[in-house]
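Colleague: Produce the entire structure from the sequences given, and follow the hints as far as they go.
Protein chains: 6
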Amino acid sequence: MLKLKDISTELNSVELLARVERVIVSTGSNGSNYMIVHLADATGRVEARKWVVTDQDRELIKPNSYIYFKEIIPNEFRGILQLKIGDYEIWDEEKVAQKGFQNSDFFVVAPVNIEKQYANLMELLEKVSNPTFKALTIGLIKKYEKEFLIYPAAMTIHHNVTGGLFWHSYTLVKNCLAIRENYLYAAIDWDLLICGAILHDIGKIFELVDQTATDYSLEGKLLGHISIGNAELYKMAEELNIAKDESGKINSDLTLLQHMILASHGKKEYGSPTEPNIIEAVILSTFDNLDARIFKINDELTKVEQGSWTGRILSEDGKMYLKHYKK
Amino acid sequence: MLKLKDISTELNSVELLARVERVIVSTGSNGSNYMIVHLADATGRVEARKWVVTDQDRELIKPNSYIYFKEIIPNEFRGILQLKIGDYEIWDEEKVAQKGFQNSDFFVVAPVNIEKQYANLMELLEKVSNPTFKALTIGLIKKYEKEFLIYPAAMTIHHNVTGGLFWHSYTLVKNCLAIRENYLYAAIDWDLLICGAILHDIGKIFELVDQTATDYSLEGKLLGHISIGNAELYKMAEELNIAKDESGKINSDLTLLQHMILASHGKKEYGSPTEPNIIEAVILSTFDNLDARIFKINDELTKVEQGSWTGRILSEDGKMYLKHYKK
Amino acid sequence: MLKLKDISTELNSVELLARVERVIVSTGSNGSNYMIVHLADATGRVEARKWVVTDQDRELIKPNSYIYFKEIIPNEFRGILQLKIGDYEIWDEEKVAQKGFQNSDFFVVAPVNIEKQYANLMELLEKVSNPTFKALTIGLIKKYEKEFLIYPAAMTIHHNVTGGLFWHSYTLVKNCLAIRENYLYAAIDWDLLICGAILHDIGKIFELVDQTATDYSLEGKLLGHISIGNAELYKMAEELNIAKDESGKINSDLTLLQHMILASHGKKEYGSPTEPNIIEAVILSTFDNLDARIFKINDELTKVEQGSWTGRILSEDGKMYLKHYKK
Amino acid sequence: MLKLKDISTELNSVELLARVERVIVSTGSNGSNYMIVHLADATGRVEARKWVVTDQDRELIKPNSYIYFKEIIPNEFRGILQLKIGDYEIWDEEKVAQKGFQNSDFFVVAPVNIEKQYANLMELLEKVSNPTFKALTIGLIKKYEKEFLIYPAAMTIHHNVTGGLFWHSYTLVKNCLAIRENYLYAAIDWDLLICGAILHDIGKIFELVDQTATDYSLEGKLLGHISIGNAELYKMAEELNIAKDESGKINSDLTLLQHMILASHGKKEYGSPTEPNIIEAVILSTFDNLDARIFKINDELTKVEQGSWTGRILSEDGKMYLKHYKK
Amino acid sequence: MLKLKDISTELNSVELLARVERVIVSTGSNGSNYMIVHLADATGRVEARKWVVTDQDRELIKPNSYIYFKEIIPNEFRGILQLKIGDYEIWDEEKVAQKGFQNSDFFVVAPVNIEKQYANLMELLEKVSNPTFKALTIGLIKKYEKEFLIYPAAMTIHHNVTGGLFWHSYTLVKNCLAIRENYLYAAIDWDLLICGAILHDIGKIFELVDQTATDYSLEGKLLGHISIGNAELYKMAEELNIAKDESGKINSDLTLLQHMILASHGKKEYGSPTEPNIIEAVILSTFDNLDARIFKINDELTKVEQGSWTGRILSEDGKMYLKHYKK
Amino acid sequence: MLKLKDISTELNSVELLARVERVIVSTGSNGSNYMIVHLADATGRVEARKWVVTDQDRELIKPNSYIYFKEIIPNEFRGILQLKIGDYEIWDEEKVAQKGFQNSDFFVVAPVNIEKQYANLMELLEKVSNPTFKALTIGLIKKYEKEFLIYPAAMTIHHNVTGGLFWHSYTLVKNCLAIRENYLYAAIDWDLLICGAILHDIGKIFELVDQTATDYSLEGKLLGHISIGNAELYKMAEELNIAKDESGKINSDLTLLQHMILASHGKKEYGSPTEPNIIEAVILSTFDNLDARIFKINDELTKVEQGSWTGRILSEDGKMYLKHYKK
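Protein chains in written order, with our numbering: chain A, 153 to 479; chain B, 153 to 479; chain C, 153 to 479; chain D, 153 to 479; chain E, 153 to 479; chain F, 153 to 479.
The set of hints was computed from the structure by calculation and includes no laboratory data.
Treat the hints loosely; a few may be bogus.
Unchecked claim - Computed list of lysine-lysine pairs in DSS-like fashion (alpha-carbon distance at most 27 Å, straight line):
no.	chain 1	residue 1	chain 2	residue 2
1	D	K373	B	K478
2	F	K479	E	K387
3	C	K420	D	K419
4	D	K401	E	K471
5	C	K387	D	K298
6	B	K419	F	K420
7	C	K268	C	K214
8	F	K298	A	K396
9	E	K295	D	K286
10	A	K373	C	K455
11	B	K279	C	K214
12	E	K387	F	K295
13	F	K373	D	K455
14	A	K471	F	K401
15	B	K478	A	K396
16	C	K420	D	K298
17	B	K155	B	K247
18	C	K419	E	K479
19	B	K455	C	K419
20	F	K419	D	K419
21	C	K419	E	K420
22	A	K387	A	K401
Modeller: Shown next as structure tokens:
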């Protein structure tokens, strides 16, 4: 059976087993419905369309169902591969296992060695000298360790792969450390920056409905990961009994770390309730934005030929990018 | 001794005892410093200026100190009263008491019977039928009861008087109830609206440095009252053990109430990390804004003569308002 | 025969008589035209589509024509009911009457007792003490009484029902009066506010092509109801001979009332040529906006199931709202 | 006695008689008030300052008073001439006349032959073929002829000289006619354009307090010249009995001409309640803006030396302009 | 054979030979592709659609190919003519010539006598007294004379006809000269203005892929005509050896002329790297904008009937314009 | 003699020799002028004020003059050191030399070993494999080597120190290289990025009047460094004869490198005539902005005590930053 990355329009018809990621039912201008089905396996993603939709189709083709095609026809739409769904079968987990597949065969995974990098991160955090930053960061990471290592960073915008949340967060840490020697002249608290970087998106664990990220949760839609993360951090400080100092005043290091989360989108209009008021938050919000943009633009570039332009990228204000270079 | 409201430029010189609210040291274009001293007593506020500033002045004239003038000269600046500070004495609490004054003689107080209105509010909250809204709201109000009834709503923008936070919050509740019968056709959860209204600014208890509101706290500056209030509400749900429902999912009524706080500024650019996504949040954010505007514009109107215009009001995009009407 | 509110997708085919509200001819991507036909009767509105369009269809199916279906098929599009037009007949007024229907059977009507509320309004206006406000307001309302009581407030945005203009305007009056006791401390001229509220949209009588509001008039498109209303008010002052005071100067109360209309959209970018410069205009523009938003959001909420989200609402910057509550 | 244009810093002290245009009392950082006095005569304008201000000064030095200095000292502030007021006398009209001056000696006048150009304009209007445009335009111009020929176009922004309103309006007419032959290919109604151009600012007659333009009137501040002009035009149509056509419908040519006034600021954010929806309104709003900008920038350029930059120009978003060229 | 301008929906089927201007392949909601083919000849432009698309169609129907229809069916879409492509032939240049056509039969041409107007322009430039402006302008125009006289000014936005670049540029020159006499009072360097006007879009010769303007070039997309033009002007100064004055300083007249190009879009947000800082750049950018708007709005007006409205015009912020007047 | 960094308010009066960086003459509200004099030496910068200004002062105290104070009094303004100028002497270069000082004693210098880092850069550039990028970059750097190594990056905004242009540009190069290993998955042309980074501000050599950066040049003000740099790069390609490829088409690698300069401000509103359309330009513009922000915020932080806030920083939208950390 073919993997998604191996499908091309040069093949007339292929056999395929894939996981359904998202389903959108739309109505065409001829009055009949059609279905946009996002397929995924470990090797990539492809969009498919079913041009005739029955009630049965609506019931069967759901996010996270396994769909099997004896024959499916590769097509092309604006230069991008698209499959045309005819007959199909829905397989349950049992059958999938029977056929020798496992769950991980159907998820795109972050291209990093998470286990090893996580060990590196922990080593790094152990060396953080500020006790508040250290305790809160390790506390929160450990508390949500399982989700933190496996969740994607978003549904579609960026790092939407298994382990994407960790990949994105740890990349920010590594970027900060990488430029450190160029800014030794400046009054930057690198411990605060590293801890803020690794924690800034922790609320995404609640923002997404689950690790398959087929939707946002109610909390995600009504509160957003920034406010969730901030409240979780505050709760962790309570749990660790370090929310206040001895005099009963709020621990200012807790406040600083909360600010790193709250200001991580950089501007109020991007959802940050407060904008950076410390130099570390400027650096974090800059790298957060840069890392997401590189992922997204590169992702779009991989879909087109060298010398061509991507389609309009919504998160880039609708701009198109030129693929002038090939690795 | 005169009260601040009785001072006018028709008096040549007056005896005065007042509390210092804020002090700003500025440097004039002749190279010498001068001091802007905001004075307050129970009857109002007046700005004073000291045109020669010594190191001793800087040490003595501080927020919340009591300042006594045997003779101070009423002046006028752009049609607004201004005092010219010459000699002065700083009195300590003891001397103030000795002279027969008490603390409350030096704070402008909200023009409402807080005790009675608070009783009304509690009666109202007892009737809330949604158990989550009811428990969280009563829980949080009771927890911070003392501060909630005495804090102002802001340093300068609006309801900057003792009890201003309660006054502002409860006015929103009363406004919501007042228009209720005009919107019986609509799917509005009035319990959610009332509870959201009374809680929406609860974070201001931490945002201001203390009840005299001479400054914002570090948390206030780096986190803001919206994020503080949201985290406090979440913590209260934990304390009451209602953060999750039986199935372990987050209590959606908690989420709705958190959303009321987070969306209360209405727009991201005004500091709301999420914009209203439920009809109740639309109403709350509208009344929040309206109540603050009425207070502020009216406050500026009281400073000018009928037929005149106020100065530029910063929170009104610098617009000036006409005083065409006198109560 | 079924009423529109009784149609559901559970019915296979229904008999129907309805009024055509609007017709849009569009071309599908298969190159053939299709027709979007907005149907209405006293019980509600439903969208219908005709997927094959002939020249005869274009001539017959027009706004305000009565369309009869022996059999029409209920469909669903993105969870919202949609009818599929096959054969149809166009009935003239005579036939409609013959069949026992009357004009009012085909218009959605504001859910208020207009006659009674209008009497209340008049009683209220009689008590206005400012002679200019009183004379102008009663004069203008009386002059256009018939239209004022029957026109909708808009084609689609809000209060687009028979009597919607009065409903919306009088709701503003009632809202203002409802919050009055909470703002007794402020210098607000309630007479001016009430008169401004009832008059602020009077220009809509000219902005809409007629009471069925199938389109905007040329004046509506090129001038807008704000400028039309302002000129009508000025003309009324001329008619009543109160445009100028005895000294030949323009009557400042006329100017204040004109300002209430001109500033009713609150911001220049929303079409107000001048922004509020009196406190009454702040309140009016706030309630104008709030009342329209509540109507529109609620209208969208009624179209979806509890727990679901509305579609994107254009007048809410494309935001979607959650239906979390059911009356 | 010197004229204002002849004063320079090379003179130690000069004798001067001027009209006071505007007076601003400000308070310096040393706590004492000072007065900014804008002086004018037929040859130009100069700013003067009085650094010590008595109650008597406030009463005597008022807009439109005549002020006489036996000796006044020319100064320089950021390269711009400024006078320092010491002793002065206020002369009444009688004394001014006695000394051989007349009113027109104290007003800057538009550098055009208004009488002759007005004759040209009238000739032009007589040739307008559209009867509505012609009747309304001639009607309104004739009705306010005296003010139209003598009023300035603004207090400070542009064409703030006697006859400035006519000068500005007729320049727009001439500009439109000048480019006409370059746009013969386009469907432009030049009659509408010309009539709109000459009428677009007619409301300024009411917006300014009087022809000396020492302030804006209450109508000016609360309504603005655009809304005033629109209502005046509507009233004129009533007076001429051409507001409606025979069928009782509103005269669409009246509507078009009203649109020319309402859309003359081009954008809602600049105070136009409706933006251009006809090609003629695009041209008018463009020339309105261009003519005002040329006047203002040139006015600032005349104040500086060749090779220098103007100060920040508020109406140009604070930009500065280079004087690279000298006529 | 018919010309494009003679086609109407009253004809059932027509014979046609046209040039393909642009081709867009789109996918309909029934899953099949269709082709939008923009056709042109000397008499105008018409859009055609091919509803079934084969690989062969994609290869044959390309920009600048000649397409011949024995029979093509006129249709209508939203009141605008549209052709439905069935069978077709692609003719090569030879066959086109054989049939008696020439290249110029297939391009819409600017409605001006370019040869004569170019002679006028050159005469004008010969009279420019500033030697730098004169040398640079004549130098650059002469260097790219062929392209300058034949290129369009854009692909679609405005003056997208053969000779459009010259037509647009020279119209600006004529407009500037036309209003000159109304601004004799101002310090305007008319030589600079004229030279700037004629050169401001010279970079479009590189921005467009060739004179048929079927696409933008890579330089056009990555640099833009403003930056290209600026660099070309600088290079021309080097070639003429006038980039620096005798003292080795940069020739300030070169700088001024470069500024005219760089500031010609008026605002940074419209792509001008620097905004006007001289009065001449204000006038140029105003006329540049006005001329483009008149062309575009008029072009849209020609497509609709009198009394109707155009479709939404993207370059006018989506506004629609009323065709109230017919030449 | 004291160095600027050693002056504090604890000293009553100090002897001082410094270079004048900038002079601003302002007029106080008492009508007299005062002078703001920015002083610099190798150890830092301090603002001084002269409260009485004579014509002689204006002539003597000019940018780049050496000013000597036998006694000058340290003051404080809003917590920031300020000197009060009394008597002074202006020393010429000769006298400065006589006293044992040299030019470099009066300029703040970038805290990097420029010679060594420049060698590193050259080594790096030698390894660039793309011949166009390599030739253009080395060509341009070599051509303006002297200026490139010594110019500051701006007058005041950021890196306003000797060697600041190189320091800033090379830091971007080092930052890009530092994060490289975190983005090996992406299609990034690191050669293009590095060359773009080192060249992006090369136009500043012309934008500033000279290496002491006491003002911007006319080209700087009217063209800006982005447009200047783009034209210089184009000229260099001409000189190296690589502007076009063999087929006569423009060298697309030149175009890409020009785009890196033109898009380096990231947004049109920040002065980039074209926004990033390649992934490398996204990274460059992000680091350009980040490096400038870190410099500026850190610079402001050094002026205040730990626990305090900076003043409003204009380039940070007027935000203030907290100094919570000390190196």
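Colleague: Each hint needs a verdict: does it hold in this structure or not?
Modeller: Hints, verified against the model:
Among the hinted pairs, D:K373 with B:K478 is consistent with the structure: their alpha-carbon atoms are about 20 Å apart, no more than 27 Å. Distance restraint check for F:K479 and E:K387: the Cα-Cα separation of roughly 50 Å exceeds the 27 Å cut-off, and the hinted pair is therefore not satisfied. For the hint pairing C:K420 with D:K419, the CA-to-CA distance comes to about 9 Å; that is within 27 Å, so the pair holds. A distance of roughly 26 Å separates the Cα atoms of D:K401 and E:K471; the hinted pair therefore holds under the 27 Å criterion.
Straight-line distance between C-alpha atoms of C:K387 and D:K298 comes to about 23 Å, which keeps the hinted pair within the 27 Å bound. Taking the CA atoms of B:K419 and F:K420, the gap is near 25 Å; set against the 27 Å cutoff, the hint holds. Only pairs whose Cα atoms come within 27 Å are accepted, and C:K268 paired with C:K214 is rejected, the gap being roughly 35 Å. With a C-alpha separation of about 56 Å, the suggested pairing of F:K298 with A:K396 is violated against the 27 Å cut-off.
Pair hint E:K295 plus D:K286 does not hold up; C-alpha atoms about 51 Å apart against a cutoff of 27 Å. Restraint check for A:K373 and C:K455: the C-alpha separation of about 20 Å stays at or below 27 Å, so the hint holds. A hinted pair counts as satisfied when its Cα atoms are at most 27 Å apart, and B:K279 with C:K214 does not qualify at roughly 53 Å. The hinted pair formed by E:K387 and F:K295 meets the criterion: a straight-line CA distance of about 17 Å does not exceed 27 Å.
In summary, the hint linking F:K373 to D:K455 is supported, as the alpha carbons are separated by about 20 Å, within the 27 Å threshold. About 26 Å separates the Cα atoms of A:K471 and F:K401, which keeps this hinted pair within 27 Å; it holds. For the hint pairing B:K478 with A:K396, the CA-to-CA distance comes to about 50 Å; that exceeds 27 Å, so the pair is violated. Restraint check for C:K420 and D:K298: not satisfied, since their Cα atoms lie roughly 32 Å apart, outside the 27 Å limit.
Note on B:K155 and B:K247: the hinted pairing holds, with a Cα-Cα distance of about 18 Å set against a maximum of 27 Å. Using a Cα cut-off of 27 Å, the hinted pair C:K419 and E:K479 is violated, with the two alpha carbons roughly 38 Å apart. Of the pairs offered as hints, the one joining B:K455 and C:K419 holds, with about 26 Å between alpha carbons and a cut-off of 27 Å not exceeded. Between F:K419 and D:K419 the alpha-carbon distance is near 24 Å, which keeps this suggested pair within the 27 Å criterion.
Our distance criterion of 27 Å between C-alpha atoms is met by C:K419 and E:K420, whose separation comes to about 25 Å. Distance restraint check for A:K387 and A:K401: the Cα-Cα separation of roughly 16 Å lies within the 27 Å cut-off, and the hinted pair is therefore satisfied.
Consistency with the previously given hints fails for numbers 2, 7, 8, 9, 11, 15, 16 and 18, ordered from lowest to highest.
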